[in-house]
Structures are given as structure tokens and as C-alpha cells.
Amino acid sequence: MDAPMGSERVPRIEVRELTKMFGGLRAVSAFDETIYPGELVGLIGPNGAGKTTVFNMVTGLYAQTSGHIAFDGISIEALAPHEITQLGIARTFQNVRLFPNLTVLDNVRIAYHPHAGYNLTDAIRRSGRFGHKEKELSERAQDFLAVFGLDQRQDEIARNLPYGEQRRLEIARALAAEPALLLLDEPAAGMNPKEIVVLMDLIHFIREKFKLTIWLIEHQMRVVMGICERIVVVDFGEVIARGTPQEIQSDPKVIEAYLGRGAVAVAQQLSEKRCHAARS
Amino acid sequence: MRARFNRSTVTFLLGCLIVFAVFQYLFSAGILNDFWYTLVRIGAVMAIVSIGLNLIYGFNGQFSLGQWGFYAIGAYAAADITYRWTQLHDTSGLMVILLAVGFSGGAILLLGRYLNRVRGLDAMSAFAIYLFFVVLAILVGVWIARPLIAPTTAALSSLPEAAAGQIVFFLAVILGGLVAAEVSFLFGLPILTLGSDYFGIATLGFTIIIKVLLDNTDTMFGLTEMKGARGMVGIPKATTWFWVFLFLFVVVIVTRNILQSTTGRAIISVREDETAAKAMGIDVGGMKTLTFVIGSLFAGLAGGLYAHINGFLHPSNFNFLRSFDPMIIIVLGGLGSITGTVVASFAWALVLEGFLRILLPEGFETWRFVVYPVLLLVMMLLRPKGLLGTYEIPFLRSVMPPRRKREAQPTNSGVQAPAAETSGGGG
Chain W
1 MDAPMGSERV PRIEVRELTK MFGGLRAVSA FDETIYPGEL VGLIGPNGAG
51 KTTVFNMVTG LYAQTSGHIA FDGISIEALA PHEITQLGIA RTFQNVRLFP
101 NLTVLDNVRI AYHPHAGYNL TDAIRRSGRF GHKEKELSER AQDFLAVFGL
151 DQRQDEIARN LPYGEQRRLE IARALAAEPA LLLLDEPAAG MNPKEIVVLM
201 DLIHFIREKF KLTIWLIEHQ MRVVMGICER IVVVDFGEVI ARGTPQEIQS
251 DPKVIEAYLG RGAVAVAQQL SEKRCHAARS
Chain A
1 MRARFNRSTV TFLLGCLIVF AVFQYLFSAG ILNDFWYTLV RIGAVMAIVS
51 IGLNLIYGFN GQFSLGQWGF YAIGAYAAAD ITYRWTQLHD TSGLMVILLA
101 VGFSGGAILL LGRYLNRVRG LDAMSAFAIY LFFVVLAILV GVWIARPLIA
151 PTTAALSSLP EAAAGQIVFF LAVILGGLVA AEVSFLFGLP ILTLGSDYFG
201 IATLGFTIII KVLLDNTDTM FGLTEMKGAR GMVGIPKATT WFWVFLFLFV
251 VVIVTRNILQ STTGRAIISV REDETAAKAM GIDVGGMKTL TFVIGSLFAG
301 LAGGLYAHIN GFLHPSNFNF LRSFDPMIII VLGGLGSITG TVVASFAWAL
351 VLEGFLRILL PEGFETWRFV VYPVLLLVMM LLRPKGLLGT YEIPFLRSVM
401 PPRRKREAQP TNSGVQAPAA ETSGGGG
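Heads up: the protein sequence lines correspond to chains W and A, in order.
Under our numbering, think of the first position of the first sequence as 1, with each following residue one higher.
Under our numbering, think of the first position of the second sequence as 1, with each following residue one higher.
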């Protein structure tokens, strides 16, 4: 396995034989993956390969047809999505899913709901605890937004933010839930090259700052190759390759999955031509 | 402590006091006659129902037509208590409902605490467990209540009659609300898992069931004077301007306090994006149930108040078609606006039954049901977001978070100020 040698650490997330059937369609087939704390792993594959389905099962949005998922050694396959989030898995979505009509600050403050520290009667009575905790919570959210450079925008309605900032807010919101494992579903989708560079820095930064384990789905090869330590490639719901970015780049199966059969030969020809050109 | 009594709070409280005093004066001085007095009280009752519905639909995004059914439940439950007290001079209704509601409520809370820890329990099994224990708790409650009826009757009879009547009335309204809340909890368990449109149909079904039940039930659990389709008479006319105003005031404050807390944000996040709310650790099902129960509690309270306005209850008042009235009010007033709901409720009561009746020439009074839909049409074309949109008076608007001390630095506050202004003007 890819686990560091000699370590007996509990994997952060362990997925075994995960399968999802939509009627007769096998969307994910016997998917295996083990990620240890601190790793940054990429999950790639052509459209419709079942990447997001894997994420949806891990976060509890879909019930798996069969298979096991364990988070820090605890089985989470029967848990509701909010229970899984409260255990420490947060995610972002392929198409940004903010709370569009709420302010930037409220978007983050919602993440604190499970640990707000006061209950409904405190809120109705406006007890001292309510005032105290609510203030603390708002300040925490403001500090958090400052980390992401969004503190100047805290009173703006989320849907009015520029796209790049919406993406950033979604990541900020997910991190406010204080996860140990962060799932990023195509964080660079729809971003221009400049924004992608910023995003890659951001991912490095949050990984260090929050001591995160990150699992990300991405189509932009620049991102995947640039930041992932390890890559898993799926196609038609099955794992077709695993390895470091360098290994994956030259794997004929991967090229075939992305570009179609015959592409391998073309790719080889191209690279040969390039070699000739370089020589002459 | 200082934050609790800032300017908007003081303004709001003063405004309420003035409105209350002015109307109280107009009514007691006889400037507004009984006809208008009834309409204003009906308007306030509709405001309470509609705020409940606005919580469910406007803030939590669940399209519900069940509000009128819970209104009916509250009305009949409260009427049962006060009818028995004034007509039969015993507290059988009060004690039985009090203990049945108390025990079943306790059972629900205890079970809830336990069942929350059970992972992966599906809604139908939860429903069955709750139903079993609620029925058990009600039976125990009734059994314990029986011997207590005579002593409480004696105790209440020793009080001055007016005071005893007011106490029984107040408890009746509260209990009416609680009965509606408990029924909504049980009913909500299986159907809140449905998607929004299906949920709407299911709640409509509920309202129809209640209407049919009222139509065909002469007596229920020994309530001999329910009299089915002939209508229930002899309920004391205890709902005064003071009571409706007090209840409306409390409902508005409670709603505001809920919405401006973490629970309120969670409720609204479910409307905004259910999947994202789940992924943020919010128990979407729990939030829907909570909102549904609170909304129905308000409907029940309003029903209890309504029953004591005319002293007469008839199943035709609880026709399922009328469940569109609060729906129309909240859409007119603005989904997600408490201020708009209150304004639209009074407008609805006063315009439909009051001004139109007066303005239309004699013999054409029924034409108000032609004018009223036309008004609705024009309204929706001109202001599709409702009379007030999402406008709230400052007291009800969600409070701006406290500024951080660090932002006292000149560079930051300079940039911050215009941003705060623009959003304040827009919201």
C-alpha cells in the first residue's frame, strides 16, 4: 500500500469494495481507497466515471449498494450526512452550492450550528448565554473570513460575489465545520488560469494551516499534477490506475480512457515527433 | 444587556404599545363598532396563522397547506375546554387535555432524546415508535386526570368567576396550540421526508381529513357538544383585543428570536439548499420537523383565539379551500417577511370583509369575491415579491454582527463602511 512504511496509523478514510448501482447501471464498482492523515490525493477520470458518486457515498448523500466506509476507524456507512459532517468530513460541490440569499458571514456561521453552544430556549429567551455565544461565534466567523480574504465582503449576499470568491467562500464554509478530511469536488471548474494558481496556493495553505487530509476530484491536469501526491484514476466506475502524477501521466490505460482507443499510439507518435524536432 | 434594549427594540415596543392603546381606545369608546372590532381581531388571528405558515414555507421552504387543519384542531381543542367550564362547570376538558398533552409531550421529548442517538432509524419506524408511546402517554394522562377533575373544579370555583374564566380561557388557547403542535409532530414524521410538492399534497390531504372528521363527528372522546355539521355553539366569547394583541406580540417576538439565532440560520439554510445544508452538518429532517411544529403551534394558538371570537364553530370554516387564505396572505405580504405577513393579514381581513362590503353597492356584496381575486392578480403582476418583499422593520431585521475591535484601525474601517451601507440599504 501507499502507507508510510512502518506506521500503524489508523487511515483517515478507508473505503473498501464500495459499489453503487443506479437501477441496472453500475456507477461505481468495487472501489477501494485508503487515505492516511495528511495526504493529498487526487481522484480523476473522464466525465461520468463515478467520481462524484464516490464522494456522495462517503459524505452520506447516497446510500451505497454495498461496501464499507470507515473514517478514523469508525464505520460511517449507516450515518446520516449531517452526522458524517459532524464527525469531521466536509466537502465542496462541483457546481458551487452556497446559500445564495444569505450573507457571506451567515454562510460561514451556519457551519457552526452543530456546536453553537446554546439551544433554542436560550435563543427565544435571549439569555446571557445566547448573547455571549452568538458574539463569540460571529467573531470566529469573521476571523475565519479574514483568513480567506473575504472579511471585507461579510455583509454581501453570497450570490452577488464573483465566481472565484464564491468558490473560495465554499471552501471557507466547509473548513468552518472543522473537518479532518476535506473533499473537494472539482474546485477549479470554471476558473481562469490566474484563479487556478490562486486556488492551488490556497489548497496548499489550508492543508498546512488546518492540518487537513484532502481528497480532490479535478479535471484540470495542471491542478492534479501540480498538487496531488497520489492519484487514482477511475473509468466506468472502476479503478484503472493508481500512482504518482508522473506514473499516471504516462500510463497508456489512462490516456486511452481520456482520449479513446488508438490514442496511445498517436500519443507515442507525437512524442517521437517532438523528440525528432527537438533533436534537429 | 445593552444590546437587548437598543433603539430599534425601544421603538418597536413603543410602537406596539401605541397601536394597542389606540385600538383599545377606539373600541372601548365605541368609535369602531362591533363589526370592525371582529374584523380587527380576525386580522390578528390570521396574522398568527400566517406567521406560522411563513416560518414553514417562507423561511424553511416547505410548501404546506396543512395550516388550516392545525388551526381547526386548536380551535376545537380550546373550545372543548372553555365550553365545559362555562356550560358544564367542570374542568374535565381542561384536566384531561392538560395531562394528555403534558404526558404525550414529555414522552415525545424523552423518546426524542433517546431516538436521536439511534443511527439510521427510518422515518416510518420512528413514527410507529412515537405513535405507540404517545397513545400510551395519553391513556396514562387521562387515567391520572380523572380523579383530579373534582378538586381543580372546586379550586377554580372558589376564585371570582371572571378571573377563573380568564385563566381557563388562557390555558385553553395554550393547550389548543400544544395539541396542534403534537399532532403536527406525529403527522410530520412520515411526510416531511417527501419532496416539496408531494409534501404540499400530503398536507392538503391532512386538512381535508380534519374537515371530514369535524363534519361527521357528533361527539369525540366524550365531547358531546361538537355536534358535527350542525356546528358547536355556546363557547364563551372571551377573545378580546387585549388577548389577540398579546398573543400576536409574543408570536412575533418568538419568531424573530428564533430566526435571529443559529437555529434560524439552519432553518433558512434548508430553504436555500438542502444538500448543502446536509453537507454543513445540519440535520435537515430535524429542522423541517422543528419548523413544522412551531408553525403548527402558532396555527393552534390562532385557532383557539378564533373559537372565542364568535362563540361558534362550524366545520365549513375549516374547509380545505380556506387553507389557501394564509398562503395568499404570506405571498401577498412577502415570503420571508414577518412585517409583510402582519400587514397583509390585517389588509386581507379589513379589505375583503370590511371595505369591499362597504364600497360595493347594496346587493352586490358578494361581488367582493370577484374584486378580491382581481386585486390579487394586479398585485402579483405589479409586485411579484409581495407587498413588502423581504422588507422588515429594523427590530425584526437580522441584526448586523458586532464589529471586531481590530477593525478600529483606520485602513480597514475606511473600506468596511461603504460595504455595510450598501447592504443595509438593499436589505
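No lab work stands behind these hints, which were simulated from the structure alone.
Treat the hints with caution; some may be incorrect.
Said to hold, decoys possible - Now the in silico label distances, taken between C-beta atoms and shown as ranges:
| no. | chain 1 | residue 1 | chain 2 | residue 2 | range |
| --- | --- | --- | --- | --- | --- |
| 1 | W | A189 | A | V22 | 53 to 61 Å |
| 2 | W | Y163 | A | L136 | 28 to 36 Å |
| 3 | A | Q24 | W | A78 | 36 to 44 Å |
| 4 | A | D197 | W | A78 | 23 to 31 Å |
If you're wondering where the values come from, they're calculated on a predicted model, not measured in any experiment.
The beta carbon of each residue, even a glycine, is placed where N, CA and C say it ideally should be.
Right, here's what the structure says about each hint:
Range check, A189 (chain W) to V22 (chain A): about 59 Å between beta-carbon atoms, so the 53 to 61 Å window is met. Y163 (chain W) and L136 (chain A) have their C-beta atoms about 56 Å apart, which leaves the hinted 28 to 36 Å range violated. Between Q24 (chain A) and A78 (chain W) the CB atoms are about 58 Å apart, so this pair departs from the stated range of 36 to 44 Å. For the pair D197 (chain A) and A78 (chain W), the beta carbons lie near 29 Å from each other, so the given range of 23 to 31 Å is met.
When held up to the earlier numbered hints, the structure conflicts with 2, 3 and fits the remainder.
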